[in-house]
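Going line by line, the protein sequences match chains A and B. Per the working numbering, the very first residue in the first sequence carries number 1; after that it's consecutive. Per the working numbering, the very first residue in the second sequence carries number 227; after that it's consecutive.
Treat the hints as calculated values from the structure; they're not laboratory data. Note that the structure is predicted; figures quoted are calculated from it, not measured. It is possible that part of the hints are untrue.
[Stated by the list, open to error] Here are the simulated lysine-lysine pairs, DSSO-like style, with alpha carbons at most 30 Å apart: (1) B/LYS352 / A/LYS116; (2) B/LYS352 / A/LYS140; (3) A/LYS140 / B/LYS327; (4) B/LYS316 / B/LYS327.
[To be verified] Only part of the chain A face toward chain B is listed, based on derived beta-carbon distances under 10 Å: (5) CYS29; (6) VAL57; (7) LEU58; (8) LEU87; (9) CYS129; (10) LEU132; (11) GLY200; (12) ALA203.
Each residue gets a CB set at the ideal place from its N, CA and C atoms; glycine is no exception.
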Amino acid sequence: MDTLGEILMIAFGAALIHNFVLHYFVGICPFIGVSRRVDLAFSMGCAVTFVVCVASVLSWTLTTWVLQPGAPIPSFIAGRDTDLTILTYLSYIVVIAASVQFVELYIRRYHPPLYKSFGVYLPLITTNCAILFACLEISKHVGGTATDAWGLHHALALALGGGIGFTLALVLMSGIRQELDLCDIPRPFVGIPVVMVVGGILALAFLGFTGSDQGLVDAFAKGGTP
Amino acid sequence: MSESSLPTPGERFVNGVLPENPVFRQLLGLCPVLAVTATLASALTMSFAVAVVLLGANVVVSLIRGWLRPHLRIVVFTLTIAGFVTLVDKTMAAFLYPMSKELGPYLPLIIVNCIIICRCEVCASKQGVGAAAADALGQSLGFTLALCAIASVRELLGAGTLLGFQVMPAAWPEWVVMILPPGAFFTFGLLMALLSVIQLHREHRRVV
Chain A
1 MDTLGEILMI
11 AFGAALIHNF
21 VLHYFVGICP
31 FIGVSRRVDL
41 AFSMGCAVTF
51 VVCVASVLSW
61 TLTTWVLQPG
71 APIPSFIAGR
81 DTDLTILTYL
91 SYIVVIAASV
101 QFVELYIRRY
111 HPPLYKSFGV
121 YLPLITTNCA
131 ILFACLEISK
141 HVGGTATDAW
151 GLHHALALAL
161 GGGIGFTLAL
171 VLMSGIRQEL
181 DLCDIPRPFV
191 GIPVVMVVGG
201 ILALAFLGFT
211 GSDQGLVDAF
221 AKGGTP
Chain B
227 MSESSLPTPG
237 ERFVNGVLPE
247 NPVFRQLLGL
257 CPVLAVTATL
267 ASALTMSFAV
277 AVVLLGANVV
287 VSLIRGWLRP
297 HLRIVVFTLT
307 IAGFVTLVDK
317 TMAAFLYPMS
327 KELGPYLPLI
337 IVNCIIICRC
347 EVCASKQGVG
357 AAAADALGQS
367 LGFTLALCAI
377 ASVRELLGAG
387 TLLGFQVMPA
397 AWPEWVVMIL
407 PPGAFFTFGL
417 LMALLSVIQL
427 HREHRRVV
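Generate coordinates for the entire structure from the input sequences, incorporating the hints supplied.
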């Protein structure tokens with residue numbers, strides 16, 4: 001399969017088939033916390049998408065050049081092959097915190113009203129599992145045990161697809177919650193329980209995408225051969 | 227706040243188990259709660275890992291609380307936690323390889339688990355080592371209880387087993403959806419609703 005096909009497959013898989021929120025359960029906190037209004041959910045999704053992309057590019061670069069066994073930079077300094085994988089988690093956290101800081105500065109400078117409405121949830125992106133999860137998924141495909149080595153474009157495709165999938169889940173949920181405000185919900189279910197049950201139904205709907213990547217592969221295979 | 231107005235170590239421990247249960251009351255750290263509860267065994271391993279990291283991070287943060295600066299404290303918390311998670315992750319990969327494969331990315335994701343950062347912030351950065359350790363034990367006990375509650379429902383209905391032993395009759399039609407992601411959302415939502423039914427019932431009785 002050609003490069004474009006691979007990229008599309010990774011992005012499609014991350015956005016729909018293995019949706020970050022509804023399949024891997026990462027980023028549940030904003031899924032519950034910021035899904036009251038559609039516009040807020042959409043901006044939150046965009047902020048997370050942007051942070052995921054920045055953090056993924058940085059962590060791919062870091063893993064390839066510094067962290068993986070026999071990486072060029074530390075090997076050059078030490079004069080022999082090195083293995084710094086033990087530092088993976090620590091360095092990823094620093095990278096993520098730095099990218100969130102960067103996004104926070106940008107939004108505060110250019111979109112002050114948005115900055116106000118995010119409130120505490122903006123710095124909390126640092127502790128959003130979705131971002132560390134994307135970095136870890138990418139690191140699985142770089143160096144050591146990987147059977148299929150990923151380039152920077154693959155990493156970016158995963159980040160972008162995952163971010164779009166996250167935004168999609170958040171916007172869907174907030175649309176449903178706006179309608180739920182007008183409903184008569186049984187008292188024990190008011191608040192979080194009903195959100196969880198609705199999330200379950202959404203996850204059930206997204207299960208329907210399982211296997212559709214095979215169809216995509218077939219379509220590409222057909223398009224590739226005359 | 228002075229130390230005397232904060233809860234004692236004993237209160238910290240008791241509070242963590244039910245009154246301030248991290249999962250059902252504070253709604254913190256929901257990612258592992260939903261992701262690793264397909265079987266009871268993986269839920270127990272996850273709770274153990276979280277307990278070790280929480281205890282380590284709380285004790286360390288409590289020891290260095292005099293040197294913490296407000297604007298840098300979250301970074302210090304996260305880096306401390308990341309260190310302990312690396313330890314637990316490597317240990318588990320060495321001695322419990324199949325389980326560490328099964329937990330996959332959710333083990334390193336403990337780093338960004340809100341429970342641990344929250345406990346460091348609320349308790350360990352303000353109180354001594356004793357209270358911090360008691361708080362960590364109580365919170366992790368509460369976390370374990372919640373995870374086991376969800377996991378046993380899911381494993382029982384989804385596979386008819388508990389910890390791998392057949393419990394339901396052989397004719398039990400396995401509800402595969404309970405093992406799949408939607409089952410996690412449903413089980414958690416229904417268990418929370420059940421808890422609030424109990425609470426409403428109690429309040430009602432108190433009023434009458």
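Going down the list of hints, with the structure as the test:
1. B/LYS352 / A/LYS116: Roughly 29 Å separates the two Cα atoms, so the pair holds.
2. B/LYS352 / A/LYS140: Roughly 38 Å between the alpha carbons, so the hint for B/LYS352 and A/LYS140 is violated.
3. A/LYS140 / B/LYS327: holds (12 Å)
4. B/LYS316 / B/LYS327: holds (12 Å)
5. CYS29: holds (6 Å)
6. VAL57: Given a least distance of 19 Å, the restraint on A/VAL57 is violated.
7. LEU58: A/LEU58 check fails; min Cβ-Cβ to chain B is 16 Å, beyond 10 Å.
8. LEU87: holds (8 Å)
9. CYS129: Nearest chain B Cβ about 5 Å off; hint holds.
10. LEU132: holds (5 Å)
11. GLY200: holds (3 Å)
12. ALA203: holds (4 Å)
Checked against the numbered hints listed earlier, the structure breaks hints 2, 6 and 7; every other hint is satisfied.
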